[in-house]
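Novice: One-letter residues, chain by chain:
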Amino acid sequence: MNNFTYVRATDVAEAVRQGGQAHAKFLGGGTNLVDLMRETLERPSVLVDVTGLSSAITDREDGGMLIGAAAKNTAVAEHRGVRTRYPLLARAILAGASGQIRNMATVGGNLLQRTRCTYFYDDDGSRCNKRGPGQGCDAIDGFNRIHAILGASSSCVATHPSDMCVALAMLDAVVHVTGSQGERTIAFADLHLLPGNHPEVETSLSPGELITAVELPALSFAQRSTYRKVRDRASYAFALVSVAAAMEVDDGVVKGVRVALGGVAAKPWRALRLEAALTGRPANEESFRAAAEAELADAQPLRHNAFKIEVAKRTIVAVLAELAGDRL
Amino acid sequence: MSIKEAAHAVMKKAVQVAPDKWMPGATPDPLIRQKHGLIGTPVSRLDGPQKVSGTARFAAEFPLERMVYAALNYSTIAKGRIRELHTAEAAAAPGVVLVMTHLNAPRMTRVPLFGSNAKAAGGDDLPIMQDERIHWNGEPIAVVLAESQEQADYAKSLIRVAYEAEPSVTTFEVAKASSEQGVFQGEPLLLEIGDAEAALAAAPHKVDVVYRTPRHNHNPIELHGATVAWDGDELIVHDASQCVTHTAWSLAQVFDIEEEQVHVTSPYVGGGFGSKTLWQYQVLAAAASRLAGRPVRIVLSREGVYRIVGGRTLTEQRVAIGAQADGRFDALIQTGVVGMGRHNNMPEPFMLPAKSAYKSGTFRLQVEAARMDMVGNTFMRAPGEAVGTFALESALDELAVNLGMDPIELRIRNEPDKDPTSGVPFSSRHIVEAYVAGAERFGWNQRNPKPGARREGEWLVGLGCATATYPYYRMPGGVARITLTNRGRATVSIAAHEMGMGTATTQTMVTADRLGLALQCVTVEYGDSHLPGVVLAGGSQQTASIGAAVTAAHDALITELLKLAGKESVLSGLDSEDVIGRDGYLCDIHKPDRRESYVSLMARIGREQITVEGTAPPPLEFTHWSMHSHGAMFCEARVSGVTGETRVTRFLGSFDCGRILNPKTAASQFRGGIVMGLGLALMEETQFDERKGRIMNPSLAEYHVPVQMDVPEIDLIWTDIPDPHAPMGAHGVGEIGITGVGAAVANAVYNATGTRVRDLPITLDKML
Ligand SMILES: Cc1cc2nc3c(=O)[nH]c(=O)nc-3n(C[C@H](O)[C@H](O)[C@H](O)COP(=O)(O)OP(=O)(O)OC[C@H]3O[C@@H](n4cnc5c(N)ncnc54)[C@H](O)[C@@H]3O)c2cc1C
Ligand code: SF4
Numbered sequence: 001m002n003n004f005t006y007v008r009a010t011d012v013a014e015a016v017r018q019g020g021q022a023h024a025k026f027l028g029g030g031t032n033l034v035d036l037m038r039e040t041l042e043r044p045s046v047l048v049d050v051t052g053l054s055s056a057i058t059d060r061e062d063g064g065m066l067i068g069a070a071a072k073n074t075a076v077a078e079h080r081g082v083r084t085r086y087p088l089l090a091r092a093i094l095a096g097a098s099g100q101i102r103n104m105a106t107v108g109g110n111l112l113q114r115t116r117c118t119y120f121y122d123d124d125g126s127r128c129n130k131r132g133p134g135q136g137c138d139a140i141d142g143f144n145r146i147h148a149i150l151g152a153s154s155s156c157v158a159t160h161p162s163d164m165c166v167a168l169a170m171l172d173a174v175v176h177v178t179g180s181q182g183e184r185t186i187a188f189a190d191l192h193l194l195p196g197n198h199p200e201v202e203t204s205l206s207p208g209e210l211i212t213a214v215e216l217p218a219l220s221f222a223q224r225s226t227y228r229k230v231r232d233r234a235s236y237a238f239a240l241v242s243v244a245a246a247m248e249v250d251d252g253v254v255k256g257v258r259v260a261l262g263g264v265a266a267k268p269w270r271a272l273r274l275e276a277a278l279t280g281r282p283a284n285e286e287s288f289r290a291a292a293e294a295e296l297a298d299a300q301p302l303r304h305n306a307f308k309i310e311v312a313k314r315t316i317v318a319v320l321a322e323l324a325g326d327r328l
Numbered sequence: 001m002s003i004k005e006a007a008h009a010v011m012k013k014a015v016q017v018a019p020d021k022w023m024p025g026a027t028p029d030p031l032i033r034q035k036h037g038l039i040g041t042p043v044s045r046l047d048g049p050q051k052v053s054g055t056a057r058f059a060a061e062f063p064l065e066r067m068v069y070a071a072l073n074y075s076t077i078a079k080g081r082i083r084e085l086h087t088a089e090a091a092a093a094p095g096v097v098l099v100m101t102h103l104n105a106p107r108m109t110r111v112p113l114f115g116s117n118a119k120a121a122g123g124d125d126l127p128i129m130q131d132e133r134i135h136w137n138g139e140p141i142a143v144v145l146a147e148s149q150e151q152a153d154y155a156k157s158l159i160r161v162a163y164e165a166e167p168s169v170t171t172f173e174v175a176k177a178s179s180e181q182g183v184f185q186g187e188p189l190l191l192e193i194g195d196a197e198a199a200l201a202a203a204p205h206k207v208d209v210v211y212r213t214p215r216h217n218h219n220p221i222e223l224h225g226a227t228v229a230w231d232g233d234e235l236i237v238h239d240a241s242q243c244v245t246h247t248a249w250s251l252a253q254v255f256d257i258e259e260e261q262v263h264v265t266s267p268y269v270g271g272g273f274g275s276k277t278l279w280q281y282q283v284l285a286a287a288a289s290r291l292a293g294r295p296v297r298i299v300l301s302r303e304g305v306y307r308i309v310g311g312r313t314l315t316e317q318r319v320a321i322g323a324q325a326d327g328r329f330d331a332l333i334q335t336g337v338v339g340m341g342r343h344n345n346m347p348e349p350f351m352l353p354a355k356s357a358y359k360s361g362t363f364r365l366q367v368e369a370a371r372m373d374m375v376g377n378t379f380m381r382a383p384g385e386a387v388g389t390f391a392l393e394s395a396l397d398e399l400a401v402n403l404g405m406d407p408i409e410l411r412i413r414n415e416p417d418k419d420p421t422s423g424v425p426f427s428s429r430h431i432v433e434a435y436v437a438g439a440e441r442f443g444w445n446q447r448n449p450k451p452g453a454r455r456e457g458e459w460l461v462g463l464g465c466a467t468a469t470y471p472y473y474r475m476p477g478g479v480a481r482i483t484l485t486n487r488g489r490a491t492v493s494i495a496a497h498e499m500g501m502g503t504a505t506t507q508t509m510v511t512a513d514r515l516g517l518a519l520q521c522v523t524v525e526y527g528d529s530h531l532p533g534v535v536l537a538g539g540s541q542q543t544a545s546i547g548a549a550v551t552a553a554h555d556a557l558i559t560e561l562l563k564l565a566g567k568e569s570v571l572s573g574l575d576s577e578d579v580i581g582r583d584g585y586l587c588d589i590h591k592p593d594r595r596e597s598y599v600s601l602m603a604r605i606g607r608e609q610i611t612v613e614g615t616a617p618p619p620l621e622f623t624h625w626s627m628h629s630h631g632a633m634f635c636e637a638r639v640s641g642v643t644g645e646t647r648v649t650r651f652l653g654s655f656d657c658g659r660i661l662n663p664k665t666a667a668s669q670f671r672g673g674i675v676m677g678l679g680l681a682l683m684e685e686t687q688f689d690e691r692k693g694r695i696m697n698p699s700l701a702e703y704h705v706p707v708q709m710d711v712p713e714i715d716l717i718w719t720d721i722p723d724p725h726a727p728m729g730a731h732g733v734g735e736i737g738i739t740g741v742g743a744a745v746a747n748a749v750y751n752a753t754g755t756r757v758r759d760l761p762i763t764l765d766k767m768l
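Chains R and W, in that order, are what the protein sequence lines are.
Residue 1 is where the first sequence starts when you use the numbering used here, and the numbers rise one by one after that.
Residue 1 is where the second sequence starts when you use the numbering used here, and the numbers rise one by one after that.
Source of the hints: derived by calculation from the structure; they are not laboratory data.
Treat the hints with care, since some could be wrong.
Covered by chain R, according to a simulated footprint, are these stretches of chain W (three or more residues, beta-carbon under 8 Å) [stated by the list, open to error]:
| no. | segment |
| --- | --- |
| 1 | 146–156 |
| 2 | 704–714 |
Simulated coverage check for chain W against chain R, where a stretch passes if three residues somewhere in it have a Cβ under 8 Å from a Cβ of chain R [as the list claims (entries may be wrong)]:
| no. | segment |
| --- | --- |
| 3 | 644–651 |
| 4 | 687–697 |
| 5 | 757–766 |
In this text, a Cβ means the ideal position worked out from N, Cα and C, and glycines have one as well.
Whole structure, please, built from the sequences with the hints as guidance.
Specialist: Spelled out as structure tokens, the structure:
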């Protein structure tokens, strides 16, 4: 870990001013950033601690909710309003990491946590385009069991590891940010970027832009939603594949459906094709399977991760069947 | 060290040695049958309060004046030379005291390789930082010492290296092409009885399949670490060690000083499992300390443990069994190849269980080693047996399916009445009893032999079983000292180890019973190379080794006391054999009322304390008997029909390990072994990138071991039948728990789904 200056921001303006310095980094719970600093993958000169900024979880007039970026993952998962109105968000958070990590981790930090690609982590021993643009990617022909099947490129096949973000993608959350140019909002689907030729650019945030809050819009059928995570051990493992879904069924027909997938791409993967294919169709396993097939039609397996395609399809079908419940 | 070799060597000298308590025709150890007393009662670990209050001082917690902290830099190629090494920036970084590389490291002798001498402790015998050559991907190339750990860690990241790579062998397929006969403990891993291939070909029923197990890394929760200081030519090493005496002797060779000049202490160890021996870190810390003239603390990072401490190697095992329709084996074949480093000698001996598990008309067992450019692989809990039983016991299950026979019945039909390959009798073998008791308690009769027949929601449920087995070992070298005071207190001193197993507690109990003293009146001193004895905490042999040494010291003590007690004593005229300790008294074994208390005896002879030493007799018992621990493992597994995820929901271990000395600590050992076995079955796998010979998941986030939710309630039962030929009637219990678990899980998964996984770990992608 290099030497750095530590400052604790007391308000947004101060945070943005401090964060505008060269090689400054915002510090949430530090559960990812400090790890990366220990591995010397990140070498910030200034750490701007933003955990003192808003962590409030409030109801909005339009029926949605606003969650301060400094809210701890645990606090969000335990919040009564979240649990009743957005149960899948609470479930997704609780499916991630461990109790200790969730107690430290913030919403802002969770959004910007970096990939678990082991070649990315292997600073001096492996090539990685994300860490060192132009080096090449050792994962493409290496161990890629945890890597992407959708939206990858020939320069990077990494996945985004967050569980919470899969739920937020499904909910069409809105990210509130403030930078030197002022405030703006970003649709969740536009926050994370696919790698293309520039895997080192992971989000649409401008340098120094601070995430201040995440807004959850009202969703009439969000209560009928769930999150299922498929992993290598019963707890404390990143998702191989995860599915966040909400569905509204009327008279045996799918009226509305939202699905997002985790563990399959460099961003939480909103399954828009599936949603289009399923809306208006009978709520049965056959249409669920057909819709899942449509979503994964373009999936590109690597040497070790072809199983993800089938697991994703089966998990989608199982989750939708569960949501359809006795209406099947 | 070669147990057999050492035993043979001492055997030659032993002709005139009187037979000991465990030999044929000898009077058995009275403690074996003793019914009252502490042995067999559940006693909590005596070091428990220190552990939970944080006052137990581990190797990397000894504070020393002027101490500096070390960080290591590791190579990123598997073979070649360091072409350029830039250390100036690191040396100039804040707090840095020394950067040591091959350019300035002191000249040192190679570490003696484990097995090359009775006290050798080295995981490999490569020169350490003596030249620019690289031998594996991850080899230390620089040590940085700084005033704080953070400064050392940062400075080491400033070192720049350029390598000249040379062709290396890091692919198992390539290495296999030139594999060699494996030699373990001085003997070739090869055993042939009859023409097994012909018998297999002729057998009406057979299985002939290949199983694979991956590399595993050591992950004791306490990282490998040491605090090291020189005082002139004396070297003090506070180490996390399972072999203090071996380490002291080996370091003396490295630095060309006398064995007595090295003092290794290791009062507490946070798990060893075969990994806490002598690796490069202790040597580098001592060398750097000498160069810097300051005490050094070195703690490997988790990545560091993966890079420089060897683990369990990968295996590829063919198991073929030919059988008659009634299940009797005509042929038992277990052969294959394991990966091995170039500078170590540990051909994972997976064939060992098959040597004595079953009767068969013919045998062919062989382990070949394929040398690779990788960190020297080493012992890991039940080396050989843990992965060997996976293959053997899976094959047995496959044969049972093939024969349409219950797998327990198949095992019983092939139960040998003497060791099937050596022909010597078993000292104690009650595996059938263990199976019967286990099956009853587990509800084995509920099992539907048809795979895939039981479904609960999306979960397919199955039951499986497998045999656990681990040999009884006792190595030469056990010496113990007993000091008795005039207040009736005793201290036993022996260079043994407490790695969390409960050794100190159990030995305190045994000694208390042997002397006839209360638990509080006995102290066991251990974990220090200046204490007597050469006692490896490995091969599950420590309990027996200490037990035999303490018995000898106890004999010496009684003899001495009787001599000093003289004619006036009520015990006068008795032999040491006729005297036992009970309730603070020495008693006539035949007339316990004829007695004198230690306190009065000591007062009468006017002594404050008496100190005696005793040497364990040579371990000849296992040349007369085939000695093993056994167990029957039962597993209930659930496999999701949707995702292929496997969850173990019930587990039972039914053990036959001689007399259980302390049910509480023994149960923890069994349970811990089973938990580790669940990891082996379901998730543990080192990702060794064969392109570069580099380990890619050196972290507990990416290398999975079971977490709480992966571990069901584990039920444990045992026969508790003493082995009359082992000290205290007991066998070690540290390793058997992991054996058989892989197969029990795989067999349960097969019963649940009809899918046979022959390639560990059983991850969900293999279940689709
Ligand atoms: C062993 C382990 C297992 C884990 N398992 C899981 C899992 O199963 N599922 C899962 O989802 N996650 C998992 N995690 C990841 C965990 O969820 C993240 O580390 C955590 O959410 C990050 O939050 P933080 O506040 O600690 O972020 P930090 O580490 O503080 O920061 C992460 C990044 O976000 C930036 N940042 C922080 N706050 C802001 C802000 N307000 N505005 C702009 N930038 C900001 C930082 O600069 C940094 O780049 C695991 C982590 C570990 C260590
Ligand atoms: S997949 Fe992406 S993150 Fe991983 S090594 Fe390749 S470029 Fe780097």
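Novice: Taking the numbered hints from earlier one at a time, note which ones the structure violates and give those numbers from smallest to largest.
Specialist: Hint check: nothing fails, all pass.
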